[in-house]
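Student: These protein sequence lines map, in sequence, to chains A and B. Reading the first sequence from the start, the letters are residues -10 to 257 in the working numbering. Reading the second sequence from the start, the letters are residues -4 to 342 in the working numbering.
These are calculated hints, taken from the structure and not from any lab test.
Subject to a maximum C-alpha distance of 25 Å in a straight line, what follows is the list of computed PhoX-like cross-link-like pairs (lysine-lysine):
id	chain 1	residue 1	chain 2	residue 2
1	A	Lys103	A	Lys255
2	B	Lys248	A	Lys103
3	A	Lys255	B	Lys339
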Amino acid sequence: MRKTMKGFLYTAAAFAVLNLAGLPIAAQNQTYRAPRAADGHPDLNGIWQAFTTANFDLQDHSQQAGTMWELGSIGAVPPGQGVVEGGEIPYTPAALAKRQQNFTKRRTDDPEAKCYLPGVPRANYMPYPFQIVQSPQGILFVYEFASANRFVNMGKAQEAGSDTWMGTNNGHWEGETLVVDVTGLNGLAWLDRSGDFMTDNAHVVERFTRVDPYHINYEATIEDSKTFTKPWKISMPLYRRVEKNAQLLDFKCVEFSEELLYGQFKKK
Amino acid sequence: MRHGFLASLGLLAVVTMAAVPAVAQTAAKAAATPGTAAASTPPKTPWGDPDLQGIWPGNMGVPMQRPKDLGDRTALTDEEYAKRVAQAQRAAANDNEERAPKDARIGIGPPSYWTERGKPTRQASLIIDPPDGRLPALTPEAQKRRKEARGGLGDPAEWAGRADSFEDLNLYYRCITRGVTGSIIPVVYNNGNQILQAPGYVVIRNEMIHEARVIPLDGRPHVSANIHEYMGDSRGHWEGNTLVIETTNYTDKTSIGSNGVGYNGEGGRHSQALRTVERLTRVDDNTISYEATVDDPQTWTKPWTMRIELKRDSKYQFLEYACHEGNYAMKDILSGARADEAAKASK
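With these hints in hand, go ahead and build the complete structure from the sequences.
Tutor: Right, dumping it as structure tokens:
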């Protein structure tokens, strides 16, 4: 298996050289060797951010009006090419119906609107930066959105206890790639603002590979037989925030969600 | 080599005792106590910083302010300590009661398996400076501010029973934040504080609410004075083996005290002028001495310092604290208040 993989990589590398100009950045520099962190593995420390419209919709989408006309063009959905390999999310018919229902109720039901923990993989492609802290004791992902964070255990894999929003995260290295196996997800988080979702049955495997000093290639494979007919994959580059003063700031959005959540219970 | 270096450090400490900050003195004092390994060189990270990593919950049982009759005494006598331990044991026993005793006031305490009060120490009060362990006086401006808050009801820390809006509840009940010191002061559960380090950074991660304060060590300036943050803007540096964190750019919405609320007799609300200096020193393998100096000239007439002993617990399970996501209390408190009003109106 490993040999086959290597063979594949060599082929891919040769291919990359031949087609460099025409390939997306993620596929370039397959042979890039990242600087090493103190643990001897590729150094992922830094502040990163995705720049795609994936948080609006993981799949291909045209421009469209938002849910609140009062916001004018600020509330509109920018167009975007999808990040789903093969183009479409392989929903079961029942799940697809649920997704459409979510879409209809997205203004009030999207957990992002409620400032709930964003879950995995969504946390990585929201329009907010996040910081990877690669410590000798494990790898911490700190997200600006909702002060969410998750600790990736790099030691002996731990079984998920109770289900959580950010899941139970076990990591290991496969050469240049950090692989994070996420289980124990509670299935309450959505995957984007369009109502794409998965259940508490989901298993997510993420792969983080530095492809040059300023980019990580991010992939997530999502498996959930209750929702999808087969596992599917998203991929996108994560960009390093290179500003000298880059740092995470407060986006403690609870206070922006309270009127939506509790406004009806206020004294009139 | 190491010993030589340490010996000179020790000498330096003796010579400059008066000038060194309280934490160094604490470390020196602890070193003089037989049986403690203070001032022993703490482990280092692979890149050479003192290694503070691990999970360091605090233990409840030390009041913020010192009872007045203790005066300048910083530690309890055997008798006083025995009383405090007995009190903690009674509290723990109460936690373990499946049902409240018939004559007890029914509270809203958590189920017993939530609680982690820990073992109280002999420390007389969290406040170690001023020497009497009491909060300095409020400035006249702060007294006025507090009195006039919410049209005379006071800060939401003192709830005063009004629940017209979610804004009548404090930031802790709203699951927004407990603030910097409020996230460290030990409380009844979810006291997990995890410290992680990477070159150029220290992260203090707090279990309750879920915070992860990423502290740069590269000497960069603070963010603009136009930016205010609940957890402030922290910059760290090492002074010997002590991590010193200076934090500014606070909001004026958090408070100093347990859970960032400042209940009875704790610090209470500060202003945007607040500047905190935290000092973390690993005094032995399993102990971090955490000191925080609170300097807010618009609120207190002079700076004051508290000290909290954090104990390493390698078995501690750091859980996801999805506070806001499960905040049924907020809906219940508000809708309960509306139901009360409706019932009164129909009488």
